[in-house]
Amino acid sequence: MCADCIECRLDRRGCKQVGKIASVLAKQSRYVDIFWGLALNRPRYADGHSSKHFSPIAHQFSFQSRRVKWSVISFLCACVVKLGKMITLLLLGFGILSLYVYCKIKFKFAEKIPCVEPLHPIFGNGLEFAQKNSYEIFKSITRAYKDNKRIFKLSFGPIPVICPTHPDLIQKIMTEQASMDKPFVYDFMRVNHGLLTAQYDEWRVHRKALNPTFNTRILNSFIPIFTDCVGKMISNMQKHVGDEKPINMLEFTSPCTLEMICRTSLGGKVLEREGKQEFIEGLEIILHNVGLRMFNANLYPDFVYKNTRFYRAEMAARKVCYAFTDKVIREKRAKFEERLRSTVDSNNNSAMADENGNVVFAEEEDDMLNYKKPQIFVDQLLTIPNDGKPFTHEEITDHIYTMIAAGNETSATQAAHACLLLAMHPEIQDRAAAEVRELLADEVEYTHEILKQMEYLERVIKESQRLCPVAAVYGRKTIGTIQLDEYVIPKGFILLLNVFALHRQKEFWGPNAENFDPDHFLPERVKARHPYAYLPFSGGPRGCIGSRYAMMSLKIILSQILKNFRLTTEIPYEKMDFKFKVSMHLSFEHLIKLEPRLQGYAKISSKVISLQQVLYSELQTLERSTLITHPSHTTPNEGVLSRLRSVFHEFERQNQESITAILRVLALVDHTLENTIQDCEKVFHLPSLDSENVLFRDVTRPLLLQVETLCEQIASKDFDAIEATMETVQQEANAYRARLDETKSYMQSVLYEVDNSVATFSMASKVDELFDGIEVINATIAKSVVASVESLLLKQQILCDKIRYVQGTNDDAHMEMVITSFMAFLQNETELLMEDLSEELDDWFNQTANLINAVEEELGNVPRDLMEAPIESFLENESSLKCLAEYGTRKAVESMRQGLESILQCFSIANDTERPFEMVYHLFSEMNGDIQRTLEDILHCHQSTVRDDYNEDDFGNMASCFEMTKSILEAMQDFVDSKMDEIFFHVDISMYYNELKMESCVYYRAREMMLSVSVINQQYQKCNAGKEIEL
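All residue numbers for the sequence shown refer to the UniProt record's numbering, where the first residue is 1 and numbers rise by one.
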């Protein structure tokens, strides 16, 4: 067999032959040299050509050597492959470990932030969202917000997304520069220069330039455009009045708001141009695909999204839309530049400008400065300066599309939400319609003042924005470090804010947070609520620049709808559910039926209508009046004062409910009477009619009974009696207003006495002031004592060091011992004295504190106790509110307060405490002087013995000074000991005397006050409606 055949076989049989060949070669040792020679080099002839003929043995070994050679090569290749796999696994493991360590370090700040469960390894919460649609994702996020009170995180893999839920944290995020940027998902809108998506540095410059374009006068110039657009919508809706099949409200509001935003941003005839339908369809495709991508993490990478049909559809739509708007912008720019050149030439190379730096043409100066015609957004972008230079074409395009995207879908959807909510709540709809009809009677044109007076309609709009916020989720990205509670969030992380959940937190919106109630936005409730608990237009410096634009357009849309139609629906409020795209939408259509509102007065006389309008206006003012009490006053408590507050608050609440019910009845006595006969009975079933509240029974119930009669007459169509009853209602309303004013005045007086004069005469606050004063005195005294002792020790130490120096030159170790012993004694004695004085001060503070606490416990509630008897009498209906209100101002009550203050003055012990320690400082000073003089004498003695040469007499003198020093310092120790005892004894006696003085002061003054209280309690028994109080 040839060598090539052996190679082929080797390839088939593999390296198993290596072992067999090695065994054969080991047995044929005499052929080893031949084997290796053949294995390494094929035998060749002298001319270099290979041998073609071998002996049988050589031929055999040639075959076997080649088999070994290829077997070894195959074996080495297999080893290399296995080694490569091992290296790959090691590198992969090292990469995973490195990534784990990196994530652990980078995201360490979020470890202690509460996380939503379930939390899966590696994937975090990502698996919970991966297979869900936008509706399910929104539901999951909202549920997480409701379950966490202040802050939590969502983990997508190792990456945390921080989700604050409390308004305090949201306010910080909205207002601090460190969190002013937007996350990457906003880039999907592809309007990089627009205010909605621009990075912070660019946004700051553009926002400053664009702020003037949304001022009040410019917005007022849009009113004719809004009115015209809404008129077209109303005309289209008129075609469906009385249809059995409901309409989808969004199909009517969406074209209306689109026309509004296009006409105010691009110009009046923009939607009359060729290609408008393709432009509108393109906008819908763009918004749909942007929303789809935002809620599908699989489409986040550009290389993935660009290979989908959604990308191709979006790019095609953008091409159509940009071509449409680019043509408009270029035409506007060309016209502007032409007019600018003409203006410059006619003004000697200069152009005019308004107060904001905008270019103004001479022929339009009056119109633009007085805003007589609409100030179109694109025209303003061409004229206003942007940080000293004009906006580029790309920047103008991005701002235009930001306006269209933010102003069209949001306003249209919000208007549809509001209409559906009004259809679900007919009593609120009727009240809002009554306000609209009153303000727009006789075909009044819209003005800024008229829109401003639509207060109830504005509350309806705000409540619809609270329950159905179109912008339900906001995202921010940190561009610096920001601290949220105890957590420090570094740069580059996403903050996710769920406004939908925030607007339904019962902590800020009360137990009825889920209900549709426009009164959530009564002025007093708004004032009492956290300012960042309501964010329909975001908040802080980066809040929506078009919020007033939106409110104005919504008011005009809804007011015209309510003026012309009654809205009904078969969808119950409890069934409302939402889905999320770029903005939040209903998960079903806004199905509403339209009924006409009659414009005639039916059979109601003009006099009745006139009375109705007067009464309605006056009672509406009363309804808007601020409450005296607050729900927090009604906390469960069995105390008399708490019961009084509960009675007051119950009266105000029932009174306001009654006024609201009366307004609903009065709203029926006008244009829509024939359509609302049965509604009267429905809206006037008030539990408060049978209320046992003493104030409500006397103040409000008489008016309610008269209105109830009116309601019965409306229900029975007794038109002849309505006029007389209306006059009676007006008379009773006048009497009611007088009673209500008087009652509120008395309530304010009583609550002032309880909450301010009595309750705020807080023993606790005054006791805290006393304790603070005592602590200051103690600290001052202790500091002064320490300073005196340190001064004494320092001066004596200096003298002793001088004595050591003199004595040290003569090398006397005994003298050093005596001096050191005296200083140690002096330091020890002063330390003991300081400890004793500190203990004395602490004892004095504790005794004083105990006495103050005892006084507070015994007398702190006297002011409240003093008021309880007449309050109890009032609550039992044994005395009047007038008597209770007038009683609190009597001189005896003031005298009682003065008695309490005089008792507390007994603890003004600053002088009494400092006086003994002034003696301490004096005694210290005396002792210091005595010791100092003695040590100076010793020093002089030793200095006199220092000579250049010494003799026996000198040494005798030295011994004399040493003996004298030793005996004097021993006597000085006894002197210091006696002085220390004297100081402590003086302080101890003085403190004891001060304590007796303070206790006697408290006793006698408390006795005087209690005698006064006894007299006052007797007068309480006479506090009733039939007897005067003589104090």
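Keep in mind that a hint or two might mislead.
Said to hold, decoys possible - List of simulated lysine-lysine pairs, DSSO-like, C-alpha gap at most 30 Å:
(1) K172 / K579
(2) K146 / K452
(3) K139 / K452
(4) K172 / K506
(5) K452 / K593
FYI, nobody ran anything at the bench for these hints, they're computed from the structure.
The hints, checked one at a time:
no.: 1; hint: K172 / K579; result: 29 Å, holds
no.: 2; hint: K146 / K452; result: 35 Å, violated
no.: 3; hint: K139 / K452; result: 36 Å, violated
no.: 4; hint: K172 / K506; result: 21 Å, holds
no.: 5; hint: K452 / K593; result: 29 Å, holds
Violated hints for the displayed structure, listed by number in ascending order: 2 and 3.
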